[in-house]
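Colleague: Line by line, the protein sequences give chains A and B.
When we follow the numbering used here, the leftmost residue of the first sequence carries the number 1, and every step to the right adds one.
When we follow the numbering used here, the leftmost residue of the second sequence carries the number 1, and every step to the right adds one.
What the hints contain is simulated information worked out from the structure, not anything from laboratory work.
Any given hint might turn out to be false.
Examples of chain A residues lying across from chain B (beta carbon under 10 Å, computed) [claimed, not checked]:
| hint | residue |
| --- | --- |
| 1 | 74 |
| 2 | 144 |
| 3 | 165 |
| 4 | 401 |
As a list, the in silico EDC-like pairs of lysine to aspartate or glutamate whose alpha-carbon atoms are at most 16 Å apart [stated by the list, open to error]:
| hint | chain 1 | residue 1 | chain 2 | residue 2 |
| --- | --- | --- | --- | --- |
| 5 | B | 171 | B | 124 |
| 6 | A | 160 | B | 124 |
| 7 | B | 171 | B | 79 |
| 8 | B | 323 | B | 173 |
| 9 | B | 389 | A | 272 |
| 10 | A | 368 | A | 409 |
Only a predicted model underlies this, so the values are computations on that prediction, with no experimental measurement involved.
We put the beta carbon where it would ideally sit given N, CA and C, even for glycine.
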Amino acid sequence: MSWTPELGLLLLLVIPLSGAVGVLALSHWPNLREAATLLTGAALLANVVMLVLAVDAGARPTLTLMSVAGGLSLNFTLEPLGAIFAALASALWLINSLYSIGYMRGNHAQDQTRFYLSFTIAIAAAMGVAASGNMFTLFIFYEALTLSTYPLVTHNGDEKARNGGRIYLTILMGTSIGLFLPAVIATHVLAGSTDFIAGGLLAGSITPAMASILLILYVFGIGKAAIMPVQNWLPNAMVAPTPVSAFLHAVAVVKAGVFTMLKMSVYVFGLDFMRTIPAAHWLAWIAAISIVLASLIALSRDNLKERLAWSTISQLSYITLGAMIATPLAALGAALHIIMHAWGKITLFMCAGAIYTARHITNVSGMKGLGKSMPWVFGAFLVGALSIIGLPPLAGAWPKLMLMMGATDPINRIFIGALVISSLLNVAYLLPIPVNAFFGKPDTKKGKLPTAPRLAVIPPLLTAAGTIVLFFAIGPIVDFLRPVFESGGIQ
Amino acid sequence: MSALLIADFLAWMPAWLLMQTAALLVVTPLLSGPIALILSRGRLAWIWAVVISLATFALTLILYAQVLEHGSVQYAFGDWAPPLGITYNIDALNMLILLIVAGMGVLSVFYGLPSVLKEIAPRDQAPFFAAFLLCLTGLLGVTITGDAFNVFVFLEISSISTYILIAMGGKQDRRALTASFSYLVLGTIGATFFVIGIGLLYMATGTLNMADITAQLHLRGDDRVVRAAFAFIVIGLGLKTAMFPLHTWLPNAYAYSPTVVGAFLASTATKVAFYAMVRFTLGVFLPDSPFNHAFLGFVLTPMAVAAMIICSVQALYQTDLRKLLAYSSVAQLGYMLLGLSIGTAAGVSAGLLHLFNHALLKGGLFMGLGIFALTYGVRQVQDLRGLGKTMPVTAAAFTVCGLSLIGAPFFAGFVSKYYLITAALEHGWWWAVIAILASSVLAIFYVGRMLEAMYLHPAPKTKGRSKKARTTKAPVLAIAPLVVLAVANIWFFFDASLPKGLADAAAMALLGGGAP
Chain A
1 MSWTPELGLL
11 LLLVIPLSGA
21 VGVLALSHWP
31 NLREAATLLT
41 GAALLANVVM
51 LVLAVDAGAR
61 PTLTLMSVAG
71 GLSLNFTLEP
81 LGAIFAALAS
91 ALWLINSLYS
101 IGYMRGNHAQ
111 DQTRFYLSFT
121 IAIAAAMGVA
131 ASGNMFTLFI
141 FYEALTLSTY
151 PLVTHNGDEK
161 ARNGGRIYLT
171 ILMGTSIGLF
181 LPAVIATHVL
191 AGSTDFIAGG
201 LLAGSITPAM
211 ASILLILYVF
221 GIGKAAIMPV
231 QNWLPNAMVA
241 PTPVSAFLHA
251 VAVVKAGVFT
261 MLKMSVYVFG
271 LDFMRTIPAA
281 HWLAWIAAIS
291 IVLASLIALS
301 RDNLKERLAW
311 STISQLSYIT
321 LGAMIATPLA
331 ALGAALHIIM
341 HAWGKITLFM
351 CAGAIYTARH
361 ITNVSGMKGL
371 GKSMPWVFGA
381 FLVGALSIIG
391 LPPLAGAWPK
401 LMLMMGATDP
411 INRIFIGALV
421 ISSLLNVAYL
431 LPIPVNAFFG
441 KPDTKKGKLP
451 TAPRLAVIPP
461 LLTAAGTIVL
471 FFAIGPIVDF
481 LRPVFESGGI
491 Q
Chain B
1 MSALLIADFL
11 AWMPAWLLMQ
21 TAALLVVTPL
31 LSGPIALILS
41 RGRLAWIWAV
51 VISLATFALT
61 LILYAQVLEH
71 GSVQYAFGDW
81 APPLGITYNI
91 DALNMLILLI
101 VAGMGVLSVF
111 YGLPSVLKEI
121 APRDQAPFFA
131 AFLLCLTGLL
141 GVTITGDAFN
151 VFVFLEISSI
161 STYILIAMGG
171 KQDRRALTAS
181 FSYLVLGTIG
191 ATFFVIGIGL
201 LYMATGTLNM
211 ADITAQLHLR
221 GDDRVVRAAF
231 AFIVIGLGLK
241 TAMFPLHTWL
251 PNAYAYSPTV
261 VGAFLASTAT
271 KVAFYAMVRF
281 TLGVFLPDSP
291 FNHAFLGFVL
301 TPMAVAAMII
311 CSVQALYQTD
321 LRKLLAYSSV
331 AQLGYMLLGL
341 SIGTAAGVSA
351 GLLHLFNHAL
361 LKGGLFMGLG
371 IFALTYGVRQ
381 VQDLRGLGKT
391 MPVTAAAFTV
401 CGLSLIGAPF
411 FAGFVSKYYL
421 ITAALEHGWW
431 WAVIAILASS
441 VLAIFYVGRM
451 LEAMYLHPAP
461 KTKGRSKKAR
471 TTKAPVLAIA
481 PLVVLAVANI
491 WFFFDASLPK
501 GLADAAAMAL
511 LGGGAP
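Go ahead and model the full structure; you've got the sequences and the hints to work with.
Modeller: Put into structure tokens, the structure is as follows:
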């Protein structure tokens with residue numbers, strides 16, 4: 001049987017799930033178990049690359065797994081937005097798996113089989129989200145992602161982890177069942193299906209007031225996008241091991257949230273219709289407030305991972321903002337930001353984990369002068385930080401530019417201000433860390449200093465290099481995404 | 001199953017069996033009950049019960065094939081044509097319930113042996129299986145019959161044997177005796193109300209055949225006698241269904257009975273009573289009469305919503321695991337009652353679908369708890385600590401059923417909640433949607449408490465646990481049915497066509513017309 005895009009779609013789920021079986025079967029042989037994880041990652045990435053090429057050539061593979069009476073079906077359809085999310089998640093998952101091995105072994109973590117098992121199931125769920133052909137399917141995999149990451153968040157198993165996990169599950173399940181699910185069902189009742197349709201499933205068929213209510217349900221129901229005030233699960237999930245944080249922040253979880261947000265904006269309401277919904281403007285305001293407020297809070301945190309978590313909350317709202325402004329350029333900027341932010345943020349997290357593995361330092365104030373003994377780690381951190389801030393020639397520059405260019409309408413101009421303030425705040429809370437590390441005076445005594453395991457250092461270097469590559473690869477990526485926003489007329 | 005396959009299957013069956021299936025389905029367990037009593041040894045009686053429950057389930061499947069082939073099956077006892085004789089009338093509605101009752105009967109019997117051997121005194125073991133078979137008979141009889149008085153008779157058969165079954169928990173926990181007694185008092189009141197209602201109905205129409213009653217009511221219309229009959233019947237059945245606030249007997253009855261009884265009753269008894277409620281309110285009484293409408297809208301709806309919220313909160317505060325599940329059952333009955341009270345075909349269908357799924361998942365949860373109780377003496381939420389590691393298979397199956405109870409995707413419970421919300425929205429009842437969702441969120445908490453204790457807390461190292469340490473190895477016989485239920489909970493997410501098809505057909509037959 002030769003590879004076809006439809007088969008590839010099925011393999012998106014089959015590869016990680018068989019990987020999960022492999023991890024479980026090999027649980028007594030750690031080396032083989034990790035080999036299974038890496039093999040899964042490589043196979044998945046290869047499959048996604050072939051799918052991306054197929055989608056780029058114009059294919060829109062479709063697969064219906066199950067359909068029940070009443071118009072419910074588990075349907076997968078891959079379009080450029082989903083393809084790029086799948087590519088992002090599978091590439092970073094592979095790197096993150098490499099890193100996990102270094103980190104988990106370096107820290108002698110417990111229950112590693114459960115850890116890798118949950119990881120493979122979670123990536124399967126993320127692939128399901130990426131390939132969903134309708135909101136119903138997307139919702140189901142969205143929930144599967146929450147459930148499969150819960151054991152990861154609580155991995156340490158102590159009281160703190162349990163509390164963090166409880167908040168994680170409560171907020172994510174609470175919002176998704178309480179708001180997101182009714183929004184999906186209401187969409188189903190109003191439109192007769194929940195299919196993603198170019199130009200918008202609901203476009204023009206419902207009143208603006210109705211659309212406003214529905215949009216509010218969606219935006220706050222998609223708790224993974226962490227718009228304020230549903231952001232609290234993210235800092236609390238910081239109790240997890242660092243590879244999990246990287247997975248939450250960069251690979252899949254929050255990205256699935258903002259991806260859903262974008263899908264909703266583009267395919268459920270349609271960009272043209274979005275711009276006429278009164279609530280969209282107010283939600284854009286809330287996103288802008290989230291951006292600034294979360295950056296300010298990040299500034300006040302001394303724990304590095306917590307600071308990064310608040311930074312993520314701020315950055316996620318860029319994407320929500322783009323989806324709410326809903327000009328084609330802003331939406332394109334939002335889509336790009338999903339990718340570019342992921343590469344920058346995963347670098348930062350992996351560096352934080354490497355520092356912790358080597359020195360057990362978690363607070364920013366304790367990192368002075370570390371740069372001399374860990375130059376590679378802090379070098380990667382610097383690159384990642386500059387990318388998040390949005391300086392060329394790093395990947396983070398493009399989406400900020402496009403978001404600003406997409407917000408040039410008179411009513412949206414104010415949001416450019418929010419983006420600028422946020423960038424300045426990014427400088428203030430991120431740059432001092434590497435600067436102090438390189439130029440500050442270490443307060444620890446000299447001697448033989450432990451270094452991070454190699455497997456915890458190479459991955460952040462890879463992703464830091466990735467941010468540079470992505471800066472120059474912007475042309476093909478925009479070309480790839482263009483058909484999504486074409487109905488809005490980007491040339 | 002393709003239509004051709006069914007036709008082949010039926011052609012292959014002997015003709016006498018096909019003609020008598022409906023009668024045999026009830027007569028087989030009825031006559032086998034006393035025989036189990038004679039087989040004075042526990043294991044022997046168990047083997048007998050296994051054989052009979054399997055035979056009953058096989059008969060149910062044959063009946064199902066006939067229903068699929070012909071749409072419905074009528075059986076007149078002694079060839080006395082209705083409305084003179086007693087008739088059995090099987091359509092999509094009671095077929096769905098029969099499948100659940102017979103299926104859960106088989107699984108419970110298999111599951112029951114370790115529980116019975118441990119929890120019940122040796123001389124009571126054979127009577128236990130006798131009572132179990134009679135209870136099965138009663139539940140099947142209530143469901144299958146087309147005769148209103150017959151419903152009462154079978155209801156009493158099942159109730160009286162249930163009192164015995166619950167009281168047999170007395171060896172483990174003396175509180176089972178008071179639980180059984182209070183159920184006996186309330187159950188008898190319920191049965192009395194029901195039979196008074198039937199009496200009034202007989203007075204008004206001069207017939208006991210359900211179809212004939214409906215026909216007579218069409219001629220006669222709505223009057224005070226009929227309304228009184230309606231009220232008596234609904235309250236009587238409401239007690240049996242554990243409709244809020246008539247549910248007070250249920251938590252203790254489930255919590256102190258032998259574990260196998262809890263599992264069996266939770267997935268069948270209230271379901272059958274709910275079926276009877278649906279049958280009477282929509283199938284026997286005229287669904288479009290104003291009184292009936294008022295009942296559905298103004299009495300049933302608030303009670304359903306109250307059950308969903310209040311009992312979920314109560315479940316949250318239970319420390320006894322089986323009481324927690326019992327309160328959750330009352331809350332889940334609220335979902336089914338809500339489906340009925342929406343009163344559209346889509347609503348009734350969603351309620352029936354939830355009934356089916358809830359039987360699978362609650363049966364599984366009670367079985368899981370039973371296994372934990374057998375091996376580690378688990379009774380309280382905190383006793384679950386560390387079991388995720390020591391008993392991975394049971395814990396995994398328990399988790400599946402728990403997630404299904406929450407209504408998480410990939411589990412059957414999600415499908416029925418989805419349809420229920422859709423039905424409520426289509427009917428314009430957005431506030432009901434809020435109630436459903438609030439109750440689901442509460443379910444996250446009370447199920448989450450159990451799962452958290454199971455997986456995230458280390459097993460206590462105090463001597464309390466080591467003393468109580470595994471008395472018996474987890475019996476395969478008990479785990480197998482649990483795993484079957486867990487798999488079913490996943491299966492019916494991906495392919496809900498069997499219960500959905502029956503539920504849709506039933507709802508359409510009851511409410512006439514309009515695709516759900």
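Colleague: Give a verdict on every hint.
Modeller: Status of each hint after checking the structure:
The closest approach between the C-beta of residue 74/A and any C-beta of chain B is roughly 8 Å, which is under the 10 Å cut-off, so the hint is satisfied. Here the hint on residue 144/A is kept, as its CB sits about 6 Å from the closest CB of chain B, short of 10 Å. With its C-beta approaching chain B no nearer than about 7 Å, residue 165/A sits inside the 10 Å limit, and its interface hint holds. Look at residue 401/A: its Cβ only gets to about 38 Å from chain B, farther than 10 Å, so that hint breaks.
Distance check on the hinted pair: residue 171/B and residue 124/B sit about 10 Å apart at the alpha-carbon level, within 16 Å; holds. About 50 Å separates the Cα atoms of residue 160/A and residue 124/B, which puts this hinted pair outside 16 Å; it is violated. Between residue 171/B and residue 79/B the CA atoms are separated by roughly 47 Å; this puts the pair beyond 16 Å, and the hint is violated. Between the alpha carbons of residue 323/B and residue 173/B the distance comes to roughly 14 Å, so the proposed pair stays at or under 16 Å and holds.
Restraint check: the Cα-Cα separation between residue 389/B and residue 272/A comes to about 53 Å, which exceeds 16 Å; the hinted pair is violated. About 44 Å separates the Cα atoms of residue 368/A and residue 409/A, which puts this hinted pair outside 16 Å; it is violated.
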